[in-house]
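Visitor: Single-letter residue listing:
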Amino acid sequence: MKYQVNVGINFPPGKRAEAGDVVDASELPSSSIKWLKEQGIIAAVAEEKKPAAPTPAPSPVSFGGKG
Amino acid sequence: MAFLHGKSTGVLFNATNLGVYLNDASSNSTVETAETTTFSNSAKTYITGLKDGTISLSGMFDGDAGAIDPIMAAALGVDDAVTTVGLGGFTAGNRSIMAKVDQTSYDISAPVGDVVSASVELQADGGIDHGICLVGLNAVTATGDGTSQDNSTSSSNGGVAHLHLITNTHDGTTTIKVQHSADNSTWADLVTFAGVATTITSQERVVVAAATTVNRYLRATHTLAGSTGGVTYHVSFARR
Numbered sequence: 000m001k002y003q004v005n006v007g008i009n010f011p012p013g014k015r016a017e018a019g020d021v022v023d024a025s026e027l028p029s030s031s032i033k034w035l036k037e038q039g040i041i042a043a044v045a046e047e048k049k050p051a052a053p054t055p056a057p058s059p060v061s062f063g064g065k066g
Numbered sequence: 000m001a002f003l004h005g006k007s008t009g010v011l012f013n014a015t016n017l018g019v020y021l022n023d024a025s026s027n028s029t030v031e032t033a034e035t036t037t038f039s040n041s042a043k044t045y046i047t048g049l050k051d052g053t054i055s056l057s058g059m060f061d062g063d064a065g066a067i068d069p070i071m072a073a074a075l076g077v078d079d080a081v082t083t084v085g086l087g088g089f090t091a092g093n094r095s096i097m098a099k100v101d102q103t104s105y106d107i108s109a110p111v112g113d114v115v116s117a118s119v120e121l122q123a124d125g126g127i128d129h130g131i132c133l134v135g136l137n138a139v140t141a142t143g144d145g146t147s148q149d150n151s152t153s154s155s156n157g158g159v160a161h162l163h164l165i166t167n168t169h170d171g172t173t174t175i176k177v178q179h180s181a182d183n184s185t186w187a188d189l190v191t192f193a194g195v196a197t198t199i200t201s202q203e204r205v206v207v208a209a210a211t212t213v214n215r216y217l218r219a220t221h222t223l224a225g226s227t228g229g230v231t232y233h234v235s236f237a238r239r
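Read top to bottom, the protein sequences are chains A and B. According to numbering that gives the first Met the number 0, the first sequence is numbered sequentially starting from 0. According to numbering that gives the first Met the number 0, the second sequence is numbered sequentially starting from 0.
Check before you lean on any hint, since a few could be wrong.
[What the hints assert, rightly or not] Straight-line C-alpha distance at most 20 Å; calculated EDC-like pairs for lysine to aspartate or glutamate: (1) K14/A x E120/B; (2) K33/A x E46/A; (3) K36/A x D182/B; (4) K14/A x D182/B; (5) K99/B x E120/B; (6) K33/A x D182/B.
Think of the hints as simulated: they come from the structure by calculation, not from any bench. Since we're looking at a predicted model, the values are computed, not measured.
The task is simple: from the sequences and hints, build the whole structure.
Guide: Here is the structure:
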């Protein structure tokens with residue numbers, strides 16, 4: 000989970016994120032995330048969907064050949 | 000409960016430490032009351048109206064450059080001076096009286112048998128707020144944070160912040176902020192004062208909009224962009 004910072008924040012250990020930065024949830028103190036979200040100081044960033052794995056090309060089927 | 004002696008009182012008027020010239024500071028906060036008594040009442044009733052306030056300062060005359068006389072003579076007729084009175088002195092956690100003021104009088108008295116005195120009357124422009132000192136007269140030479148001030152609960156109606164930057168020998172821009180926190184761990188910017196350029200002294204009053212949450216813990220922070228010299232500043236904040 001990642002969060003966009005809407006208002007500059009200082010968080011331990013001695014880190015700083017400015018408005019517009021995106022930080023990983025693991026960087027923020029877990030006890031702070033709730034109130035930061037409630038007050039709109041941070042907002043969850045929608046996870047980008049990973050592109051689907053390419054479908055393997057179908058094996059060629061021969062017609063009229065030897066069955 | 001702790002009682003205070005008046006001897007430690009501090010007064011900051013814009014970017015000047017006026018306290019060194021003064022021996023009396025008083026404030027008066029009022030609110031209008033409009034009478035709502037009707038025939039059916041047995042006692043008068045009222046509703047409250049607009050708040051108002053004044054600050055009075057008096058002390059010794061000093062005509063040196065940057066002293067009380069040139070400062071207060073120049074302030075007469077100038078709108079919106081930022082004024083903070085520190086009760087018990089400018090120490091983090093102490094109560095402060097805060098107002099944007101218009102000076103309404105400046106009196107000088109020179110009696111034959113006594114010291115020349117000066118007194119000033121200040122009309123609050125927007126009422127008087129009662130807040131706390133987030134730092135004292137903080138002399139700093141490097142980036143850092145003030146101590147956390149615990150209000151024991153949050154408030155939800157904004158507030159007002161005062162900055163007085165009274166000495167500046169720093170060789171870079173100084174940025175001072177008020178930050179708040181719900182857990183005393185992660186801090187969010189609440190007020191960012193305008194950056195103060197090298198060697199400039201400054202003052203600023205910022206009103207935090209009504210209905211804004213101000214979390215339980217408050218602190219001031221200072222970021223000094225240069226490498227030599229330092230600044231002395233004070234920040235007070237009043238919740239509303």
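Visitor: Against each hint, give a clear statement of whether it holds in the structure.
Guide: Hint-by-hint comparison with the structure:
For the suggested pair K14/A and E120/B, the alpha carbons sit about 46 Å apart, so the restraint of at most 20 Å is broken. Annotation: proposed proximity of K33/A to E46/A holds, straight-line Cα distance about 19 Å (limit 20 Å). Distance restraint check for K36/A and D182/B: the Cα-Cα separation of roughly 14 Å lies within the 20 Å cut-off, and the hinted pair is therefore satisfied. Between K14/A and D182/B, the direct Cα distance comes to roughly 16 Å. Compliance with the 20 Å bound is thereby established for this hinted pair.
For the proposed pair K99/B and E120/B, the alpha carbon gap of about 13 Å is at most 20 Å, so the pair holds. With a C-alpha separation of about 11 Å, the suggested pairing of K33/A with D182/B holds against the 20 Å cut-off.
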